[in-house]
Amino acid sequence: MSINKQTEDYIRSRPSIKDCLKEGLINYSSLTRKISKEKGIKKFDAILIACRRYKRKLGLEKSREKKIIDILKNSRLEIKNKIAVIVIEKPRYFDDLIELQKKIKKQRSEFHLIEGQEVMNIITNEEFIPLIEEVFKNKIIKINKDLVEIVLVVDERIESTSGVIAYVYSLLGDNDVNIVEEMSCWTDVLVVIDEDDLAKAMGLLKF
Numbered sequence: 001m002s003i004n005k006q007t008e009d010y011i012r013s014r015p016s017i018k019d020c021l022k023e024g025l026i027n028y029s030s031l032t033r034k035i036s037k038e039k040g041i042k043k044f045d046a047i048l049i050a051c052r053r054y055k056r057k058l059g060l061e062k063s064r065e066k067k068i069i070d071i072l073k074n075s076r077l078e079i080k081n082k083i084a085v086i087v088i089e090k091p092r093y094f095d096d097l098i099e100l101q102k103k104i105k106k107q108r109s110e111f112h113l114i115e116g117q118e119v120m121n122i123i124t125n126e127e128f129i130p131l132i133e134e135v136f137k138n139k140i141i142k143i144n145k146d147l148v149e150i151v152l153v154v155d156e157r158i159e160s161t162s163g164v165i166a167y168v169y170s171l172l173g174d175n176d177v178n179i180v181e182e183m184s185c186w187t188d189v190l191v192v193i194d195e196d197d198l199a200k201a202m203g204l205l206k207f
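Taking this note's numbering, the leading residue of the sequence shown gets 1, the next gets one more, and so forth.
There may be inaccurate statements among the hints.
Cβ pair distances, simulated, as ranges [claimed, not checked]:
1. 34 / 153: 41 to 49 Å
2. 157 / 38: 34 to 42 Å
3. 64 / 119: 33 to 41 Å
4. 179 / 44: 37 to 45 Å
Below, a list of computed lysine-lysine pairs in the PhoX-like style, where the Cα atoms sit at most 20 Å apart [claimed, not checked]:
5. 73 / 200
6. 80 / 105
7. 55 / 22
Because the hints were derived from the structure by calculation, they are not lab data. Backbone N, C-alpha and C fix where the C-beta goes; we use that ideal spot for every residue, glycine too.
Please take these sequences and the hints and turn them into a complete structure.
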């Protein structure tokens with residue numbers, strides 16, 4: 001592996017160092033010595049050049065980050081509490097799911113489906129748990145309650161700007177807000193988190 005690649009991988013895997021380098025708050029010589037010692041690379045100048053090159057690359061990331069934040073500043077938040085995520089075995093036929101969706105939507109309540117290879121996740125209001133238990137009986141794998149759904153509605157620029165969704169997920173994850181479930185649909189970014197994390201998440205999502 002090249003010295004350039006080793007240096008980039010080292011910095012990328014250490015978010016605190018990466019952030020300091022991005023903001024110009026790090027001493028190149030000290031960082032180079034640290035990488036040289038920990039990676040056992042003796043070519044000091046090559047590491048130093050790799051650090052400076054990666055800093056320029058991070059500068060481009062910072063420019064993109066500003067664009068992302070500008071998009072998020074013009075977004076609006078929608079919060080729904082008393083949400084549950086029910087994990088069920090993936091049915092062979094979807095008739096029961098379609099009927100369930102009709103019943104829940106008829107009451108103007110939340111209903112989202114996420115399909116995996118072996119399971120399906122139902123995101124809905126807690127009040128419908130008994131109905132789901134009745135319909136799917138022994139096919140329920142897990143029920144998560146005491147959750148909130150946050151929907152971030154952004155403008156159409158999200159379509160042509162890479163990294164917006166990843167930025168939101170990283171922002172929450174890096175600040176210990178556990179994302180129980182997530183999905184996106186064009187200009188809507190939806191995350192489901194624990195009720196206890198709502199205040200922290202709201203603070204983070206004020207751009």
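Right, here's what the structure says about each hint:
1. Between residue 34 and residue 153 the beta carbon distance is about 43 Å. The supplied range of 41 to 49 Å therefore holds.
2. For residue 157 and residue 38, the hinted distance range of 34 to 42 Å is satisfied, since their beta carbons lie about 41 Å from each other.
3. Restraint check, residue 64 to residue 119: a C-beta distance of roughly 35 Å satisfies the suggested window 33 to 41 Å.
4. A hinted range of 37 to 45 Å holds for the C-beta pair residue 179 and residue 44, which are about 41 Å apart.
5. Only pairs whose Cα atoms come within 20 Å are accepted, and residue 73 paired with residue 200 is accepted, the gap being roughly 18 Å.
6. A C-alpha spacing of about 15 Å is found between residue 80 and residue 105, which places the hinted pair at or below 20 Å, so the restraint holds.
7. Distance hint between residue 55 and residue 22 is fulfilled; the C-alpha atoms sit about 6 Å from each other, no more than 20 Å.
Consistency note: the structure conflicts with none of the earlier hints.
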